[in-house]
Amino acid sequence: MEIPIAIFLGFFLVFTVFWVIFSGFNIFHAIKFGIKGIANELSLGIYVIVSAILVGIALTIILSTDWGQTIEIVISL
Amino acid sequence: MIGLKHLPQGKNNEEVIFLLRRDISVLLFHVALYVVISILPFGAYWFISTFFQNLLSDPAVIPVLNLTLVGFYMFVWLFFYRGFLDYFLDVWIVTNHRILNIELEGLFKRTVTEVKLFRIQDVTTEQTGLLAHFLNYGDVYIQSAGTRQRVVFEQVPNPNKVARQIVQLVAWYKKAYPNTKN
Chain A
1 MEIPIAIFLG
11 FFLVFTVFWV
21 IFSGFNIFHA
31 IKFGIKGIAN
41 ELSLGIYVIV
51 SAILVGIALT
61 IILSTDWGQT
71 IEIVISL
Chain B
1 MIGLKHLPQG
11 KNNEEVIFLL
21 RRDISVLLFH
31 VALYVVISIL
41 PFGAYWFIST
51 FFQNLLSDPA
61 VIPVLNLTLV
71 GFYMFVWLFF
81 YRGFLDYFLD
91 VWIVTNHRIL
101 NIELEGLFKR
111 TVTEVKLFRI
121 QDVTTEQTGL
131 LAHFLNYGDV
141 YIQSAGTRQR
151 VVFEQVPNPN
161 KVARQIVQLV
171 AWYKKAYPNT
181 KN
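Top to bottom, those sequences are chains A and B. In case it helps, this note's numbering puts the first sequence at residues 1 to 77. In case it helps, this note's numbering puts the second sequence at residues 1 to 182.
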């Protein structure tokens, strides 16, 4: 049985939507309820930068992959 | 963001005496937990390369595994920062007029409790467990005469010193403002 790897891309995009929403909550809470100061701003900056790096890596993988490929699943009983 | 010089419903002569958060060891435990979780993909790679070698030989599988790995770290990073915010946004602010207890619970619940110094009746500390005694952190219970009976400083460093400072502050306040009723 062959399954297209594009299915995994679909799953990843759904997970990314949830990730973006919850990241938004985190950033909102840090900005609205955090104590004003360098610690809050620095932690928020680090979070955004690392998140951007991870998204950038994911995007690189997505753009460099031929999602029309298939994986063969062999079920042996 | 909440500015310490402009606290909600602050008075003109209000000064922040100190700001407390949970002991740093609570955060370090959280960091250690997520470091361990971050190492899990290496174990998974060993497992797959040992028991499913033919899986890795398929070129179509590699980008799927890579994307799964990145997705895993995205969620680890998300929950790590969430845990950090749980630590960082829970603060107790002691001023020369009141005590503010600001707690963020979950995604949609934030509690701000205020206890005026003249209402404080009793201050108790509690250190439970070997780690709490060894690292000198614990809970400080502040009993007030208000509707909300008790404010708790949870897992704060040097709880006995904090309790002493609050008792001294309350004594000072009652001496400085002897006619305060509201």
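The set of hints was computed from the structure by calculation and includes no laboratory data. Bear in mind the structure is a predicted one, so any value in this text is a computation, not a measurement. Heads up, the beta-carbon is just placed ideally off N, CA and C, and yes, glycines get one too. Treat the hints with caution; some may be incorrect.
[Claimed, not checked] Looking from chain A toward chain B, a few residues come up when the C-beta cut is under 10 Å (computed):
1) Thr16
2) Ser23
3) Phe25
4) Ser51
5) Val55
6) Trp67
7) Thr70
Right, here's what the structure says about each hint:
1. Thr16: For A/Thr16, the interface hint holds, since the closest Cβ of chain B sits about 8 Å away, which is under 10 Å.
2. Ser23: Where the cut-off is 10 Å and the nearest Cβ of chain B is about 6 Å from A/Ser23, the hint holds.
3. Phe25: 5 Å, holds
4. Ser51: OK, holds: A/Ser51 within 10 Å of chain B, min 7 Å.
5. Val55: Nearest chain B Cβ about 8 Å off; hint holds.
6. Trp67: At 8 Å from the nearest chain B Cβ, A/Trp67 passes the 10 Å test, so the hint holds.
7. Thr70: 6 Å, holds
When held up to the earlier numbered hints, the structure conflicts with none and fits them all.
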